[in-house]
Amino acid sequence: MSLRDDLNLCAPRLRRFARALVGGHPAPNKTADGLVQDILLQTLQQGASLRLNGPDLQIHLYALLTGQLHKLLAKGRVADAAHTEAENFGSGGAGTSGLSRRFESSSGQFAHWLLDIPLEEREALLLVALEGFGYAQAARILQISRTVFVARLARARAALGDIPDVHFVPHSEKPLPVYLRLVK
Amino acid sequence: MRASGAPVTEAELHGFVDGGLERGRRDAVSAFLAASPADAARVDTWRRQNEAIRAAFASIPAPPLPWSQARGFGGLAERICPASRISWRERWSGHLIGLAFAGGVLLTACADYFTNHAGPTDPDAPLAAGTSEAFTAQALSALKAFGPPSAAPRLSPGGAQPVVAPILPALPATGQTLAGVRSMPGEQGQMLCMFYTRKAYGTITLCAEKTPGPVAAAPRISGDYPSAAITWRQSGANYALAGALPEAELRALADSVRVQVDAFDRKE
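Taken in sequence, the protein lines are chains A and B.
Heads up: take any position in the first sequence, counting from 1, add 33, and you land on my numbering.
Heads up: take any position in the second sequence, counting from 1, add 36, and you land on my numbering.
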């Protein structure tokens, strides 16, 4: 089992997490997908020198992803793009042209609710609720203590509040780009 | 470890929702919530939040096809990204292997066909990053258009402008039959499709098209059952496998085809 195979197995989940974190919805997102691609290639190029396997590789990838996202955010390159994409997603505007799935407008609202949560709290919530990490693993990914992690999770849940039933209805299909383009 | 009689903390309420508590503390939290409707309502809200988040992102694309699993591996993938695990490997069965072998044999013929019949490639054509959507759509269209063998068009006598290329004899395999092979113009070159019939799932098609571009690209699933297709690039050709198969079987079948193509390459 090569590192590339391992990365390919992780790619869909990483992409899902990145899209949720950056765009608040599962549709293709240039920033999120580019970020995942960069991380996969970076890890692939580091190759065996990483000496990671199993859960450690997974934690490494998620830690890289969240770390890179924070760096991008610090440069101001993510927030505007994310909100624009969320607005387009909710309204069916230009940003939806390449979507593999679209959702009812109430789902677009859901994306806004997610994006309204501060990034540090959103990532805590998504690591647990979406990716199924335990608190200890999630705290390792975010490189914070477990206590701080739980506090962020609590704030995220309080910010999200009581959400009504949302029906996620898939619409037209469009094949997604390949996730890892460096093959041989 | 906290004693089972210790007061319930806020962190434990979150842990209760996220499944991170030991059994003893779970019981303590359950008892606490039974006596505290306000906290029970909060916990219920968090649970609904989790469900909404999972539902919102349940539509994310399927995991990629792990090529190496077909060659056998030590289980590393089983330990990483557990949500990516799929049951298709367990469904691997002899008839699929047989079908894949038949596919491999036919691909040998296909490769020869491409070598001798494929026209020159367009130097201005853009290099494909992977398999194209048009190629996938063509494979699905070919599947829809394929009729029973008795009704399939035949090579017109005298070799005058046949509508479609010759249909090759079918190779029987367990559970399915190779019904024929059809050649047709592809997006950038000649496209060849092999059609198989299976009692339970109708017709399945495997299409291949030699095009300029990268040597290989990872697979991806398009569409949903019963109109799903899996496409990939291998050895400089686009491949598409389409049909009314459950995704797991589609992946397994594609994986076996890939192995056969690899094996063929190594023999060259």
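Among the hints, erroneous ones may be present.
Every beta carbon over 10 Å from chain B, so not counted as near; a handful from chain A, in silico [claimed, not checked]: (1) T180; (2) L186; (3) D195.
Partner residues are not named here, just some residues of chain A that face chain B (Cβ under 7 Å, in silico) [as the list claims (entries may be wrong)]: (4) A53; (5) K63; (6) K104; (7) P151; (8) L152; (9) Y168; (10) V181; (11) A192.
I should point out that these hints are in silico values taken from the structure, not numbers from a laboratory.
Beta carbons are placed, not taken as given, at the ideal position from N, Cα and C, and that holds for glycine.
Taking the hints in turn, this is what the structure says about them:
1. Its closest Cβ contact with chain B, about 8 Å, brings A:T180 to no more than 10 Å, contrary to its assignment away from the interface.
2. Some Cβ of chain B comes within 10 Å of the Cβ of A:L186; the nearest lies about 6 Å off, and the non-interface call is violated.
3. At roughly 5 Å from the closest C-beta of chain B, the C-beta of A:D195 falls inside 10 Å, breaking its exclusion from the interface.
4. At a threshold of 7 Å, the smallest CB-CB gap from A:A53 to chain B is about 6 Å, leaving the interface hint in force.
5. Of the supplied interface hints, the one on A:K63 is violated, with its beta-carbon coming no nearer than about 15 Å to a beta-carbon of chain B, more than 7 Å.
6. The criterion of a C-beta within 7 Å of any C-beta in chain B is not met by A:K104, whose closest approach is roughly 24 Å, and the hint is violated.
7. Using the Cβ-Cβ criterion of 7 Å, the hint placing A:P151 at the interface with chain B is not satisfied: the shortest such distance is roughly 16 Å.
8. For A:L152, the shortest C-beta to C-beta distance to chain B is roughly 16 Å, which exceeds 7 Å, and the interface hint is violated.
9. Annotation: A:Y168 was flagged as interfacial toward chain B, and the flag holds, the nearest CB pair being 6 Å apart, inside 7 Å.
10. Here the hint on A:V181 is broken, as its CB sits about 11 Å from the closest CB of chain B, past 7 Å.
11. Using the Cβ-Cβ criterion of 7 Å, the hint placing A:A192 at the interface with chain B is not satisfied: the shortest such distance is roughly 10 Å.
Of the numbered hints given earlier, the model fails hints 1, 2, 3, 5, 6, 7, 8, 10 and 11; all others are met.
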